[in-house]
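*Asks:* Going down the list, the protein sequences come from chains A and B.
Per the working numbering, residue 1 is the first one in the first sequence, and the count goes up by one each step.
Per the working numbering, residue 110 is the first one in the second sequence, and the count goes up by one each step.
To be clear, the hints were calculated from the coordinates, so they are not data collected in a lab.
Be aware that one or more of the hints could be misleading.
[Claimed, not checked] Heads up, simulated DSS-like pairs for lysine-lysine below, C-alpha to C-alpha not over 30 Å straight-line:
#  : chain 1 : residue 1 : chain 2 : residue 2
1  : A       : K106      : A       : K42
2  : B       : K128      : B       : K150
3  : A       : K106      : A       : K79
4  : B       : K131      : B       : K150
5  : A       : K106      : B       : K145
6  : B       : K145      : B       : K161
7  : B       : K161      : A       : K79
8  : B       : K211      : B       : K150
9  : B       : K145      : A       : K2
10 : B       : K145      : A       : K96
11 : B       : K161      : B       : K211
12 : A       : K42       : B       : K128
13 : B       : K131      : A       : K79
14 : A       : K42       : B       : K131
15 : B       : K128      : A       : K106
16 : A       : K45       : A       : K96
17 : B       : K128      : A       : K79
18 : B       : K131      : A       : K106
19 : A       : K45       : A       : K2
20 : A       : K96       : A       : K2
21 : B       : K127      : A       : K2
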Amino acid sequence: RKEVEQDPGPFNVPEGATVAFNCTYSNSASQSFFWYRQDCRKEPKLLMSVYSSGNEDGRFTAQLNRASQYISLLIRDSKLSDSATYLCAAISGTYKYIFGTGTRLKVLA
Amino acid sequence: ETGVTQTPRHLVMGMTNKKSLKCEQHLGHNAMYWYKQSAKKPLELMFVYNFKEQTENNSVPSRFSPECPNSSHLFLHLHTLQPEDSALYLCASSQELNPNEKLFFGSGTQLSVL
């Protein structure tokens, strides 16, 4: 079983739609979680941290469910510019970032 | 710009060549990392340096040799690579080694081994 698993997609959604991705992790000792966004042929960029209490930043909401060992990302009112690959990361120890393979999102006009 | 600069952006090399990848961060961070990203695979951690001391070698073959002369610079020396080493190599930095620290990535070097 992969340490961090994501549905690779692609998720094709129309502009204005709400879309949600889940990411499961296998290491119950994971301490911190992040969502990164990666555009084609570019580097990953931090989108947001994920806290147990949930985290909202504009149209983006991230949540953590420790009991079921998954994190989620919700995007409301999708824009064309949201098209990208979304990587989740679970961190154990002091620096063991484990990334998923990413979920590809395409927002269609 | 994230403050992490990588050169070159693209590199094509033969299996007998020796080349080096360079990474420089202008963020005042103390930890630097090398990651490998192959198609349809997750980012793989290769090496970690903290205050220019190596703290992690994630079972990376010896044909990859890292060098960290100071906290701002990180190199990856390449020698006798294999075609399966073709990938995007990403440098990253963080303020310190802490699970709550965010990673800042460079734009990567797209490596092709012929």
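*Asks:* The structure should be examined with respect to each hint, and the outcome stated for every one.
*Replies:* Structure-based check of all given hints:
A C-alpha spacing of about 16 Å is found between A:K106 and A:K42, which places the hinted pair at or below 30 Å, so the restraint holds. With a CA separation close to 24 Å, the supplied pair B:K128 and B:K150 stays within the 30 Å bound. Simply put, A:K106 and A:K79 have alpha-carbon atoms about 10 Å apart, close enough for the 30 Å limit, and the pair holds. For the proposed pair B:K131 and B:K150, the alpha carbon gap of about 23 Å is at most 30 Å, so the pair holds.
Restraint check for A:K106 and B:K145: satisfied, since their Cα atoms lie roughly 25 Å apart, inside the 30 Å limit. Among the hinted pairs, B:K145 with B:K161 is consistent with the structure: their alpha-carbon atoms are about 20 Å apart, no more than 30 Å. Distance restraint check for B:K161 and A:K79: the Cα-Cα separation of roughly 42 Å exceeds the 30 Å cut-off, and the hinted pair is therefore not satisfied. Distance check on the hinted pair: B:K211 and B:K150 sit about 21 Å apart at the alpha-carbon level, within 30 Å; holds.
For the suggested pair B:K145 and A:K2, the alpha carbons sit about 17 Å apart, so the restraint of at most 30 Å is met. Restraint check for B:K145 and A:K96: the C-alpha separation of about 14 Å stays at or below 30 Å, so the hint holds. This hinted pair checks out: B:K161 and B:K211 have alpha carbons roughly 19 Å apart, not beyond 30 Å. Using a Cα cut-off of 30 Å, the hinted pair A:K42 and B:K128 holds, with the two alpha carbons roughly 22 Å apart.
Taking the CA atoms of B:K131 and A:K79, the gap is near 35 Å; set against the 30 Å cutoff, the hint is violated. The straight-line distance between the Cα atoms of A:K42 and B:K131 is roughly 17 Å, inside the 30 Å bound, and the hint therefore holds. Our distance criterion of 30 Å between C-alpha atoms is broken by B:K128 and A:K106, whose separation comes to about 37 Å. About 18 Å separates the Cα atoms of A:K45 and A:K96, which keeps this hinted pair within 30 Å; it holds.
Straight-line distance between C-alpha atoms of B:K128 and A:K79 comes to about 41 Å, which puts the hinted pair past the 30 Å bound. A distance of roughly 33 Å separates the Cα atoms of B:K131 and A:K106; the hinted pair therefore is violated under the 30 Å criterion. Among the hinted pairs, A:K45 with A:K2 is consistent with the structure: their alpha-carbon atoms are about 23 Å apart, no more than 30 Å. For the hint linking A:K96 to A:K2, the alpha-carbon distance of about 15 Å falls within 30 Å, and the restraint holds.
Taking the CA atoms of B:K127 and A:K2, the gap is near 34 Å; set against the 30 Å cutoff, the hint is violated.
In the structure shown, a violation is registered for the earlier hints numbered 7, 13, 15, 17, 18, 21, in ascending order.
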